[in-house]
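Protein chains: 2
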Amino acid sequence: MNIEELAANLRNFEGVTRKKPIADIVSIFETVRSEYGEVIDDFGDDAAIIDIGTDDVILFAADAIWGRIVNKSPWWTGYTSVVVNVNDISAMGGRPLAMVNVMASSDLESTEEIMKGIRDGISKFGVPMVGGHMHPDTPYNSLAVAIIGIAKKDSVIRSDSAKPGDVVIVAYDMDGRVGKNSPYSWDTTSFKDADVVRERFMVMQEIGEKKLVTAGKDISNPGTIGTLGMLCEVSRVGASVDLSKIPCPEGLDFEQWLKIYPATGYVVTAKAEHADECVEIFENAGIKAAVIGEINDSQVIDVYNDSGKAVVFDFKESGITGI
Amino acid sequence: MNIEELAANLRNFEGVTRKKPIADIVSIFETVRSEYGEVIDDFGDDAAIIDIGTDDVILFAADAIWGRIVNKSPWWTGYTSVVVNVNDISAMGGRPLAMVNVMASSDLESTEEIMKGIRDGISKFGVPMVGGHMHPDTPYNSLAVAIIGIAKKDSVIRSDSAKPGDVVIVAYDMDGRVGKNSPYSWDTTSFKDADVVRERFMVMQEIGEKKLVTAGKDISNPGTIGTLGMLCEVSRVGASVDLSKIPCPEGLDFEQWLKIYPATGYVVTAKAEHADECVEIFENAGIKAAVIGEINDSQVIDVYNDSGKAVVFDFKESGITGI
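Here the protein sequences come in this chain order: A and B. Residue numbering for the first sequence follows numbering that gives the first Met the number 0, beginning at 0 and increasing consecutively. Residue numbering for the second sequence follows numbering that gives the first Met the number 0, beginning at 0 and increasing consecutively.
Hints may be right or wrong, so weigh each one.
To list a few chain A residues with every Cβ distance to chain B over 10 Å, as calculated [claimed, not checked]:
id: 1; residue: Glu-4
id: 2; residue: Ile-51
id: 3; residue: Phe-59
id: 4; residue: Lys-151
id: 5; residue: Ser-154
id: 6; residue: Leu-251
id: 7; residue: Asp-275
Mimicking SDA-like on lysine to any residue, the simulated pairs with C-alpha atoms at most 25 Å apart in a straight line are [said to hold, decoys possible]:
id: 8; chain 1: B; residue 1: Lys-179; chain 2: A; residue 2: Pro-138
id: 9; chain 1: B; residue 1: Lys-152; chain 2: A; residue 2: Asp-54
id: 10; chain 1: A; residue 1: Lys-151; chain 2: B; residue 2: Lys-152
id: 11; chain 1: A; residue 1: Lys-152; chain 2: B; residue 2: Lys-152
id: 12; chain 1: B; residue 1: Lys-151; chain 2: A; residue 2: Arg-94
id: 13; chain 1: A; residue 1: Lys-152; chain 2: B; residue 2: Ile-280
id: 14; chain 1: B; residue 1: Lys-115; chain 2: A; residue 2: Thr-137
id: 15; chain 1: B; residue 1: Lys-209; chain 2: A; residue 2: Gly-52
id: 16; chain 1: B; residue 1: Lys-115; chain 2: A; residue 2: Gly-43
id: 17; chain 1: A; residue 1: Lys-115; chain 2: B; residue 2: Thr-16
id: 18; chain 1: B; residue 1: Lys-179; chain 2: A; residue 2: Met-133
id: 19; chain 1: A; residue 1: Lys-115; chain 2: B; residue 2: Gly-43
id: 20; chain 1: B; residue 1: Lys-162; chain 2: B; residue 2: Ser-297
id: 21; chain 1: B; residue 1: Lys-152; chain 2: A; residue 2: Asp-55
Please keep in mind that the hints were generated in silico from the structure rather than gathered at the bench. Treat the numbers as computed from the prediction; the structure is a model and nothing was measured. Glycine included, each C-beta is placed from N, C-alpha and C at the ideal position.
Could you build the full structure based on these sequences and the hints that come with them?
So, in structure tokens, the structure goes:
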């Protein structure tokens, strides 16, 4: 494939374009500041950071599952709602504490399957569901989950702090399978023992506490380049990525892989002198990691390989979330 | 109205019967305990209580708005989602810290109205919205909001700690209006200054810190007797209520009032010697309060007046939530 075409496909991927409404929401809400506690960071990150006046901060996030997946596989909806929420906390170097949910369902069978999925998720990750709200009489099925976590204030991994000159590192659990419900989901957890899963998703806590990265984010629906783009957008920087350096599971189409939500996948930025140690910690936890590029001050995300170079995002023209 | 008929109407009120599915959810989830922090209390209360190893605990809750209201009044949906979540924290004697939301909408006009409602709610209560998730392409409108708060560990007002011999106190902001969208909603905040609203909803923090109550809960969709019933159910006690002692706004039908979600309304239990001081604190904050009955060990909630006595709930036969 032509690299210009690949760049356009990544830019116009639905996982990226669905992020657009965030800026409108933020601009409506941002006028109100808390009367009761200091909010250090909010919409631009995987989780908001709340100062509670101690050495720890509380992390707080919410996520939901795409409607079409809810109807296709209620079990997966429940299960993956845990995965994505736990990732919001672990990606920031935090320990997840507890979750709450709001479930809407008209049909008992779907409800039970969603709940079994949630139960299997919380068993796997060891994070309890402590409350919630049930709509037993809606004409649709939906699931929203919120999570809180805790982290040392000086070890939190934010996404708005990448600096020109930093290297870009991606890390994925390559031992996975494309999900049954979407070509863009990658299951790395449902078939593994809880011990292995918990060790892998807690790797970011070690990296945060060792202060090895300047920024980081879990790779979610926008895929690898889309997530790097969101990180660069809120950091007000650009990046240049060598596509040949991105690890890709054998037999998987490369463009598909770049669009996948890898479940256990992170993009981080680091000072060059910390890159090796950072990669080593990922690899010791069973997660494949590689330096794939560099942060610059261009406000452009470009990708290159032997055949040439192309711009995926140009924030001078248009943002991903607009935050 | 015949008192037996009133008791039956309160028992079979939709605001009560919709609480039924909670027990099924809890029984599926309760097998999993946290690996990362101690959960002191979960589903039975307005908010879960999470121990973070300091003198403070984190309170964590989620709520959503009935589907039919979302379509009738998107503004009210957004506004009241803030009210109900803030109440979950304030009812336990906590300070609200921050909220996150998951919004689903197919239509831009509804989305904007919901967001304006949220914005007006967060301006009124001073609690920021710090994150969330937006589904811009669903065939329905829905809104789920989660909230965190903080409270001193020894001052939290739980709902599972009422004891036989305690008195039952109800407290309402009588300066309100029946909502436009439901005969069972009571708006006490949208037309008042933020200062007044914030002083009133923080009254439970003072009551908690002075340790004047043994248990408490905000009166929500199940109405006054339904909410008292839920408190008694998780406390494993009964209660006897003198209907003539319940304050009712002038000109409002009494049965309707008993079913109303009063927005700023609480049911608390207290040792008899603390009842007067407790009522006084409510009244000083502009909230009408009265002793309306007594907790006993019967596991039955009965109501009486001049015309007789009738059982509303008998937990030996059937629970409200079944928790």
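Okay, the hints, checked on the actual structure:
1. Every Cβ of chain B is farther than 10 Å from the Cβ of Glu-4/A; the closest lies at roughly 25 Å, confirming the non-interface assignment.
2. Its closest Cβ contact with chain B, about 6 Å, brings Ile-51/A to no more than 10 Å, contrary to its assignment away from the interface.
3. For Phe-59/A, the shortest C-beta to C-beta distance to chain B comes to about 6 Å, within the 10 Å cut-off, and the non-interface label is violated.
4. The Cβ of Lys-151/A sits about 12 Å from the closest Cβ of chain B, beyond the 10 Å cut-off, so the non-interface label holds.
5. With a least beta-carbon separation of about 15 Å from chain B, Ser-154/A lies farther than 10 Å from that chain, consistent with its non-interface assignment.
6. Interface exclusion of Leu-251/A from chain B stands, the closest Cβ pair being 27 Å apart, more than 10 Å.
7. The claim that Asp-275/A is not at the interface with chain B holds, since no C-beta of that chain comes within 10 Å of its own (minimum 30 Å).
8. With a C-alpha separation of about 23 Å, the suggested pairing of Lys-179/B with Pro-138/A holds against the 25 Å cut-off.
9. In summary, the hint linking Lys-152/B to Asp-54/A is supported, as the alpha carbons are separated by about 18 Å, within the 25 Å threshold.
10. The hinted pair formed by Lys-151/A and Lys-152/B meets the criterion: a straight-line CA distance of about 21 Å does not exceed 25 Å.
11. Proposed proximity of Lys-152/A and Lys-152/B is supported: the alpha carbons are some 22 Å apart, at most 25 Å.
12. The straight-line distance between the Cα atoms of Lys-151/B and Arg-94/A is roughly 22 Å, inside the 25 Å bound, and the hint therefore holds.
13. For the proposed pair Lys-152/A and Ile-280/B, the alpha carbon gap of about 38 Å is over 25 Å, so the pair is violated.
14. About 24 Å separates the Cα atoms of Lys-115/B and Thr-137/A, which keeps this hinted pair within 25 Å; it holds.
15. Of the supplied pair hints, the one linking Lys-209/B and Gly-52/A holds, its CA atoms being roughly 23 Å apart against a limit of 25 Å.
16. Of the supplied pair hints, the one linking Lys-115/B and Gly-43/A holds, its CA atoms being roughly 21 Å apart against a limit of 25 Å.
17. Restraint check for Lys-115/A and Thr-16/B: the C-alpha separation of about 24 Å stays at or below 25 Å, so the hint holds.
18. Distance restraint check for Lys-179/B and Met-133/A: the Cα-Cα separation of roughly 24 Å lies within the 25 Å cut-off, and the hinted pair is therefore satisfied.
19. Our distance criterion of 25 Å between C-alpha atoms is met by Lys-115/A and Gly-43/B, whose separation comes to about 21 Å.
20. Between Lys-162/B and Ser-297/B, the direct Cα distance comes to roughly 11 Å. Compliance with the 25 Å bound is thereby established for this hinted pair.
21. Distance restraint check for Lys-152/B and Asp-55/A: the Cα-Cα separation of roughly 17 Å lies within the 25 Å cut-off, and the hinted pair is therefore satisfied.
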